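Trainee: Under the UniProt record's numbering, think of the first position of the sequence shown as 1, with each following residue one higher.
To be clear, the hints were calculated from the coordinates, so they are not data collected in a lab.
In this text, all values refer to a predicted model and were calculated from it rather than measured experimentally.
Treat each hint with caution, since some may be false.
Stated by the list, open to error - Each computed DSS-like pair below joins lysine-lysine, with the alpha-carbon atoms no more than 25 Å apart:
#1 Lys-268 to Lys-121
#2 Lys-106 to Lys-268
#3 Lys-162 to Lys-268
#4 Lys-121 to Lys-162
#5 Lys-106 to Lys-209
What the hints assert, rightly or not - Per label pair, the in silico range of CB-to-CB distance:
#6 Thr-139 to Pro-115: 12 to 22 Å
#7 Asp-140 to Phe-116: 38 to 48 Å
#8 Phe-125 to Phe-294: 23 to 33 Å
Glycine residues also receive a C-beta, built at the ideal position from the N, C-alpha and C atoms.
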Amino acid sequence: MKQSVLVLFLFIISFQSIHSHHTGSSDSPNATARFVDPFTGKREKPTNYLVMTQDYYQSTRENSHLFTTTAFAEMNFFDGRFALNASVPWNYYQQRGREDAARIGKTYLGFKFQPFFDLDKPYFFVIEGSVGFPSGPDTDRFTGGNYYTGSGFIKLGYLYEKWSFVTKIGGLNPLSRPQPNNLQDNDGIPYYYRKPSASPPEPEYEFKKTTLISAYVTYYLMQEISLFTGLLYRNPYNGVDYSKEKDKANPSYFTEASAGFSWNFSEKYNMSLAYRYPLQRDREYRLYQSAWTFAFSMEWGSD
């Protein structure tokens, strides 16, 4: 069902693309600057675009390499002040001592809104939000948690000559409670209609609101090529699914540094590559050794 919603959303985008506005139609530096997030490969401002992001996480906590491919689509309205978007990730686990596995991740539907300022000014203010849908109880096919998740961010950006500065503040919030498991997850009967034949197991995790703060600086070597570096902070460390175990494997926060470049090799096409490095280096609790994010995006719309 969630995948069908995304397919319909992409069809609507394709059908309406010739009527859409292109937010980079101005000659001002702020309008032509892409403001690419080095941690996600996505654009900060409402834009008509498609992006495929490939993340590679080396040596995760489960001693496996994780490849995450994410399809993201966005369509803007009201001359770039508002946008709707959707994303679906696909995860491939290259595991040691076990068979490799692949899972579909949590589907998100969201929006972006620029409420203030002239869009041609050298600064922007964007409000962003999204809802992640339950992945379902079938953990052999899906991952990401069988619950609703809400995310919200406030983003501030400023362009000064060849430099741009972006700060994002927000987080993740669980919108539903975990469903009890009566040892019958795959019988197709909702848990609230079941007769409690057995006490559900004590959950190993609890839901926690998660704070996310990031900031990055971009230097434009020329209009087509830019370099960036940034920092990311997340608290709690394990995100929404917070382990109840209070030990060294569950520190209170997580930080990550990134550096990379972005290349607009034509008016509509862009690619970016970022190297990401967790700053917690203790082997017992680091999420992964290092990560790479590659993103390829395509804009559309009339100038």
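Trainee: Is the hinted range of 12 to 22 Å satisfied by the C-beta distance from Thr-139 to Pro-115?
Mentor: 40 Å, violated
Trainee: With a cut-off of 25 Å on the C-alpha distance, tell me whether Lys-268 and Lys-121 pass.
Mentor: Holds. Lys-268 to Lys-121 sits at ~21 Å (cutoff 25 Å).
Trainee: If you draw a straight line from the CA of Lys-106 to the CA of Lys-268, is it 25 Å or shorter?
Mentor: 28 Å, violated
Trainee: Next pair to validate is Lys-106 with Lys-209; report whether the Cα-Cα distance is within 25 Å.
Mentor: 17 Å, holds
Trainee: Starting from the hint 38 to 48 Å, judge whether the C-beta atoms of Asp-140 and Phe-116 obey it.
Mentor: Hint holds: Cβ distance 47 Å, inside 38 to 48 Å.
Trainee: Measure nothing beyond the straight line between the CA atoms of Lys-162 and Lys-268; if it is 25 Å or shorter, mark the hint as holding.
Mentor: OK: Lys-162 and Lys-268 at ~21 Å, within 25 Å.
Trainee: Within a Cα-Cα threshold of 25 Å, do Lys-121 and Lys-162 meet the stated pairing?
Mentor: The given pair, whose Cα atoms are some 15 Å apart, holds under the 25 Å limit.
Trainee: Per the hint of 23 to 33 Å, is the separation of the Cβ atoms of Phe-125 and Phe-294 within bounds?
Mentor: 29 Å, holds
Hints 2, 6 from the earlier list are contradicted by this structure; the remaining hints agree with it.
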